[in-house]
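Protein chains: 2
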Amino acid sequence: MSENTDLLAWLGARRSIKPKHLTLPIPNASAWERIVAAAAAVPDHGQLHPFRFALLTHEDRAALADLFEAAARRSGGDEQAAQKARSKALKGPALAAFVVKTTTEQSVPEFEQVLTAGAALGQFMQALRAAGFGGIVLSGSALEDCDVQAAICREPGERLAAWIVVGTPEQSPQSIDG
Amino acid sequence: MSENTDLLAWLGARRSIKPKHLTLPIPNASAWERIVAAAAAVPDHGQLHPFRFALLTHEDRAALADLFEAAARRSGGDEQAAQKARSKALKGPALAAFVVKTTTEQSVPEFEQVLTAGAALGQFMQALRAAGFGGIVLSGSALEDCDVQAAICREPGERLAAWIVVGTPEQSPQSIDG
Chain Z
-6 MSENTDLLAW LGARRSIKPK HLTLPIPNAS AWERIVAAAA AVPDHGQLHP FRFALLTHED
54 RAALADLFEA AARRSGGDEQ AAQKARSKAL KGPALAAFVV KTTTEQSVPE FEQVLTAGAA
114 LGQFMQALRA AGFGGIVLSG SALEDCDVQA AICREPGERL AAWIVVGTPE QSPQSIDG
Chain F
-6 MSENTDLLAW LGARRSIKPK HLTLPIPNAS AWERIVAAAA AVPDHGQLHP FRFALLTHED
54 RAALADLFEA AARRSGGDEQ AAQKARSKAL KGPALAAFVV KTTTEQSVPE FEQVLTAGAA
114 LGQFMQALRA AGFGGIVLSG SALEDCDVQA AICREPGERL AAWIVVGTPE QSPQSIDG
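Taken in order, these protein sequences are the chains called Z and F.
Residues in the first sequence are numbered from -6 upward in steps of one, following my numbering.
Residues in the second sequence are numbered from -6 upward in steps of one, following my numbering.
Hints are computed from structural coordinates only; laboratory data are not their basis.
We put the CB at the ideal spot given by N, CA and C, even for glycine.
Possibly wrong hints are sitting among the right ones.
Stated by the list, open to error - Taking CB as the label site, the calculated pair distances span: (1) A55/F - G69/Z: 52 to 62 Å; (2) H42/F - Q99/Z: 25 to 35 Å; (3) T97/Z - R147/F: 28 to 38 Å; (4) A56/Z - S23/F: 48 to 58 Å; (5) A6/F - R147/Z: 28 to 38 Å; (6) Q164/F - E103/Z: 31 to 41 Å.
Claimed, not checked - Which residues of chain F face chain Z? A partial, calculated answer using Cβ under 7 Å: (7) L1; (8) L4; (9) R27; (10) A30; (11) V35; (12) L108; (13) L114; (14) A120; (15) A124.
Stated by the list, open to error - Partial selection, computed: residues in chain F whose CB lies under 8 Å from chain Z: (16) S(-5); (17) L0; (18) G5; (19) A6; (20) S9; (21) A31; (22) A34; (23) P36; (24) H38; (25) F104; (26) V107; (27) Q116; (28) Q119; (29) V130; (30) S132.
Let the hints inform the model, and build the full structure from the sequences given.
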């Protein structure tokens, strides 16, 4: 095999795209499935698949907005902070949750499992690009909130690790935010 | 943008290639630099770059073989186990160390830093493919050995996280090991 300069350049050209520069359309169910499948083709010691991508519905996002707002108020935020927190659940065309699930019941160290999850997150962002979309990985204090964790996680050992805002990049040079 | 089916399929077709199915050539200095640069284009909260790829020299590998052998003997291995441990440092055309360095001096949680490192490791393996090469991420008990860690790590906070065996995949269907 020889070097594919375009492919190497394409890999290196990944950039996060802020929610305000993401528009419709978003991946349909079939595209989402292909993106998630490609994301899983990462080094995964023991084939434990210690991660999951959950595309949230409008109803999920509305419920999250309530939780974000409540978390902001609990931590002493004023009305403005509460509304700002709320808006974070609603920004961008689509929102996905990235969930990590490690286990201590296998010989594979948890550290390696987290590396695998990170590889899948990175590859998800590349698969999103390959499928004609774009996005950004976001975190923030709401990830640590118990009610938010409980809203997303389905079973013991799962950890909501990041949000992914997903959409179609605007067709302008300014849409690239680094 | 529209879906690039080939690109999505290419991302999803990554497979680890065992050392015995890797041959020469290995990346030269210039190709190595391009691969490592592409590997860094991952979501990286705070741009902390919490990872490093170190291509080992023949001398490094010979020294590692001694350390692997010593570690095996210390943990009670017999002559056969010692020789087997030794051989692990010498298998495959090239060996690289993947080093993670997280910090607690930033607001970015360490968990996120490890996810970023994992994303870089995954993208490194893809960049390797794009550059015409292949490889496999390996771990094993020698990673935990203090002398082995000390041989690879350069500063406090660094952690030798994995080995990467690198080479050119054999041109046969049997070279794909999953």
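Is the interface hint satisfied for A124/F? The criterion is a beta-carbon contact with chain Z at less than 7 Å. holds (5 Å)
Should the interface hint for R27/F be scored as holding, given a Cβ-Cβ cut-off of 7 Å against chain Z? Holds: closest Cβ of chain Z sits about 6 Å from R27/F, inside 7 Å.
*For the hint on V107/F, does the least C-beta distance to chain Z fall short of 8 Å?*
This interface hint holds because 5 Å falls under the 8 Å limit.
| said: Min Cβ distance, V130/F to chain Z: is it shorter than 8 Å? | reply: holds (4 Å)
For this session: Return holds or violated for the Cβ distance of Q164/F and E103/Z against the range 31 to 41 Å.
Result: holds (38 Å)
**Message:** A closest beta-carbon separation below 8 Å is what the hint needs, so does P36/F meet it against chain Z?
**Reply:** holds (4 Å)
key: 25 to 35 Å as the expected CB spacing between Q99/Z and H42/F, which holds or is violated   = holds (30 Å)
Indicate whether the distance between the beta carbons of A6/F and R147/Z respects the range 28 to 38 Å. The hinted range 28 to 38 Å holds for A6/F and R147/Z, with Cβ atoms some 30 Å apart.
Task: Minimum beta-carbon distance criterion (8 Å), Q116/F to chain Z - done: holds (5 Å)
Quick check on the hint: A30/F CB to chain Z CB, less than 7 Å? holds (6 Å)
| field | Minimum beta-carbon distance criterion (7 Å), L114/F to chain Z | value | Holds. Min distance 6 Å.
Next on the checklist: Please check whether L1/F passes as an interface residue: C-beta within 7 Å of a C-beta belonging to chain Z.
Outcome noted: holds (4 Å)
Checked against the numbered hints listed earlier, the structure breaks none of them; every hint is satisfied.
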